[in-house]
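Build the full structure now, drawing on both the sequences and the hints.
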Amino acid sequence: AFEQIPLSRRTVTRRTEDIAGNLELQLQREVASFDFFSVAVDESCDVRDTAQLLVFVRGITELTEELAAMRSMKGTTTGSDLFTEVNACMDTLGLKWERLSGVTTDGCPNLTGKNVGLLKRMQDKSDRNRCRSKIGVFALNYTPTCVVQVSAKNQPCY
Numbered sequence: 001a002f003e004q005i006p007l008s009r010r011t012v013t014r015r016t017e018d019i020a021g022n023l024e025l026q027l028q029r030e031v032a033s034f035d036f037f038s039v040a041v042d043e044s045c046d047v048r049d050t051a052q053l054l055v056f057v058r059g060i061t062e063l064t065e066e067l068a069a070m071r072s073m074k075g076t077t078t079g080s081d082l083f084t085e086v087n088a089c090m091d092t093l094g095l096k097w098e099r100l101s102g103v104t105t106d107g108c109p110n111l112t113g114k115n116v117g118l119l120k121r122m123q124d125k126s127d128r129n130r131c132r133s134k135i136g137v138f139a140l141n142y143t144p145t146c147v148v149q150v151s152a153k154n155q156p157c158y
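To convert, note that position 43 of the sequence shown is 43 in my numbering; the numbers rise steadily by one, no gaps.
Any given hint could turn out to be false.
Claimed, not checked - Derived DSS-like pairs: lysine-lysine, alpha-carbon spacing no greater than 30 Å straight-line:
hint : residue 1 : residue 2
1    : Lys96     : Lys125
2    : Lys114    : Lys74
3    : Lys114    : Lys125
Treat the hints as calculated values from the structure; they're not laboratory data.
Below you can see the structure in the form of structure tokens.
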């Protein structure tokens with residue numbers, strides 16, 4: 001059975017792109033029904049020191065949370081750069097700024113800067129679009145902790 005499945009590089013690429021396009025279309029349909037939504041944004045570097053921007057969208061038709069975008073950021077990751085990517089993600093999905101009710105970040109300066117950070121730019125954009133109310137902003141400061149047990153032989157157990 002597997003011998004009959006074409007697995008050329010071109011075929012696999014095309015099928016992967018088809019699946020990705022279908023998933024994006026499904027997400028666009030789902031977010032179109034959101035009365036309100038919030039986004040969670042995180043930016044961090046991968047093992048090759050390339051910044052990766054993750055944008056999650058949470059909607060309120062039935063409580064929904066989906067990964068909306070993962071973007072590789074080449075060069076700088078200023079508030080302006082991050083806003084450009086988040087705005088493009090919202091445009092692609094058809095999310096309306098006037099329905100944005102909250103933003104959650106990890107609290108790093110390029111996301112939360114009060115003058116030029118991503119959140120400031122998002123607030124400015126929502127003000128220009130005459131949103132009904134201010135966007136709720138939540139900064140989560142997460143510090144992972146490591147618990148190590150020591151066995152009777154003083155060997156660490158993880």
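Hint by hint, here is what the structure shows:
Restraint check for lysine 96 and lysine 125: the C-alpha separation of about 11 Å stays at or below 30 Å, so the hint holds. Between lysine 114 and lysine 74 the CA atoms are separated by roughly 24 Å; this keeps the pair inside 30 Å, and the hint holds. For the hint pairing lysine 114 with lysine 125, the CA-to-CA distance comes to about 14 Å; that is within 30 Å, so the pair holds.
Going through the hint list in order, the structure satisfies each hint without exception.
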